[in-house]
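J.: Chain by chain, the residues run as shown.
Protein chains: 2
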Amino acid sequence: MIDTYLLEQLCAVLDCGTLSAASEKLHLTQPSLTRSMQKLEDLLGVELFDRAKNRVHLNENGRLAAECAKHILMEEQDMISRVRALDRSSRTLAVGMISPGPMMELSPLLSSLYPDRTIATELRTEEELVQGLRQGMYQMILLNHRLEDEAFACHSCGTEQLYFVVPHDHRLADQAQCTFSDMNGESLLMADQVGYWDRIVREAMPQSHFLLQNGIGALAEIIRASSLPYFATDLTIRLHGRNPERAYVAISDDAATEHFYCFCKREDEKKYLAWFQALERRF
Amino acid sequence: MIDTYLLEQLCAVLDCGTLSAASEKLHLTQPSLTRSMQKLEDLLGVELFDRAKNRVHLNENGRLAAECAKHILMEEQDMISRVRALDRSSRTLAVGMISPGPMMELSPLLSSLYPDRTIATELRTEEELVQGLRQGMYQMILLNHRLEDEAFACHSCGTEQLYFVVPHDHRLADQAQCTFSDMNGESLLMADQVGYWDRIVREAMPQSHFLLQNGIGALAEIIRASSLPYFATDLTIRLHGRNPERAYVAISDDAATEHFYCFCKREDEKKYLAWFQALERRF
DNA sequence: ATCACTTACGGGTGACGTAAAAATC
DNA sequence: GATTTTTACGTCACCCGTAAGTGAT
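Line by line, the protein sequences give chains A and B.
Mapped onto numbering that gives the first Met the number 0, the consecutive letters of the first sequence carry residue numbers 0 to 282.
Mapped onto numbering that gives the first Met the number 0, the consecutive letters of the second sequence carry residue numbers 0 to 282.
Simulated from the structure, these hints should not be mistaken for laboratory data.
Careful: at least some of the hints might be erroneous.
[Said to hold, decoys possible] Below, simulated DSSO-like cross-link-like pairs (lysine-lysine); rule was C-alpha separation at most 30 angstroms, straight line: (1) B:Lys-269 with A:Lys-52; (2) A:Lys-270 with B:Lys-69; (3) A:Lys-52 with B:Lys-270; (4) B:Lys-38 with A:Lys-38.
On a predicted model such as this, the values are computed, not experimentally measured, just so you know.
Given these sequences and hints, build the entire structure.
T.: Rendered as structure tokens:
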């Protein structure tokens, strides 16, 4: 069998053209490379070089061998990557989602079910999520509708209802509910990490300006300092409570209520059985 | 980079199930294997085994790694085979043909043009030859008609005219030529290595029996010992001369004259330029 | 003289074997 | 007891570097 170092050295010779250049690239001395190439020729039982007195060139055999070697080394790198990725994926639970809402509640549940795995969450577009799930980048993804795809298992994981949060002296403050169009044109504060909601509200309220805040902290600060309306959902209300200085007005449009669904590869469904059973009990 | 011996050992462990069994298969001691697998885990930065006190099992990482390793080792074997095959093909000139006639004259020419290559000839059917040329099994093939295939370069390499050879007291002995049907029904001696001619004469003379002889030597012997008619061609006549005890009657049917064509891969055409130029001068 | 390669010789890493211990059956 | 894995230690192979030599530019 051919040792890996011989393949690497052969590739370097192909890339560099001469033994001395290759030896430099490899941080080796020329004599060492010479011996390696001779050994390789011995092992293969084939001449790999056209030898002049002080010049060697890869011949046809040598070029083929070097191409093969390059391919093998790539495969070896690929093996390392794949094994490491598999190991990582067994230690972490990567969940991709289009909207952060449902994970606020579900994340602690996931942690308690899989205490020895670290939960990693990412906010992405649906296309990225589906591709990522297929490629093993995520173990699960959360979307706001079902998929036809046979490759994925799908379980419902709750809904999220959007609210306007307005000062008590706002014209809508007394109403229990309203529509997007009722507020269309008014400026609203909004966090930047809201995933899918961003698109929903921009489409439903094309006349409004949305003052994006970097992170929840900045948003909370400007909420205290201003009287601008902003958004909440039933999930954020359950998690953080209501702001007593504001009124909460539910948005009655269909688009203001998202249904969420959790997907994994169908072959992984049994791995996460406990999780999906917990979802079933809950929703 | 991962040394090849580690991949081999990992594969053996996958195949054998236990370290001790694998060590036996590899003609190694168990401690050595243990260290190798530990080193491999180190290199990958990943655990490959579920370890009990006196038992190890490949885990999911290990199984994936072993599968990859097996694949890489296969590729390495493949590399060795391919390089050796290329080397062989550069030292030999394999010519496949449907009929041995033209090579009787052309083989010495080929040898003199390529003195450092050994000329290997094979008799096969057209389908085998075309496939073999495509796969690199032959550098050239000789067929009895042109091909449409764009992948091949084609050069004419002469004709071969078939004769009946009959005793002087045969009813056709005085004629300069005759047809297949004139002899249809008579038994004839025939060598078994005549390639395409075999089919030609059987189709043209369905009533005749052909007494196949294994090799030219056996045929020559039985020719001397019997008065049965047999076949010759202009090429065999030029090569071996005429048998003075027999009369030679040319066969006038179109099928009794073959036109031969020499093919190589179009990309190899320049390699064999000298050869094709010699053919052009000759025919 | 410089460059490119080869041959010859010595050194150090590391892969292997032997020996022994620990743990399970 | 036998079997399997692991640890400890010594040995030898072999891969590399240094030095020297050859031939070409």
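J.: With reference to the structure, classify each hint as holding or not holding.
T.: Okay, the hints, checked on the actual structure:
1. A hinted pair counts as satisfied when its Cα atoms are at most 30 angstroms apart, and B:Lys-269 with A:Lys-52 qualifies at roughly 28 angstroms.
2. About 27 angstroms separates the Cα atoms of A:Lys-270 and B:Lys-69, which keeps this hinted pair within 30 angstroms; it holds.
3. Between A:Lys-52 and B:Lys-270, the direct Cα distance comes to roughly 26 angstroms. Compliance with the 30 angstroms bound is thereby established for this hinted pair.
4. At most 30 angstroms may separate the alpha-carbon atoms for a hinted pair to count; B:Lys-38 and A:Lys-38 meet this at roughly 26 angstroms.
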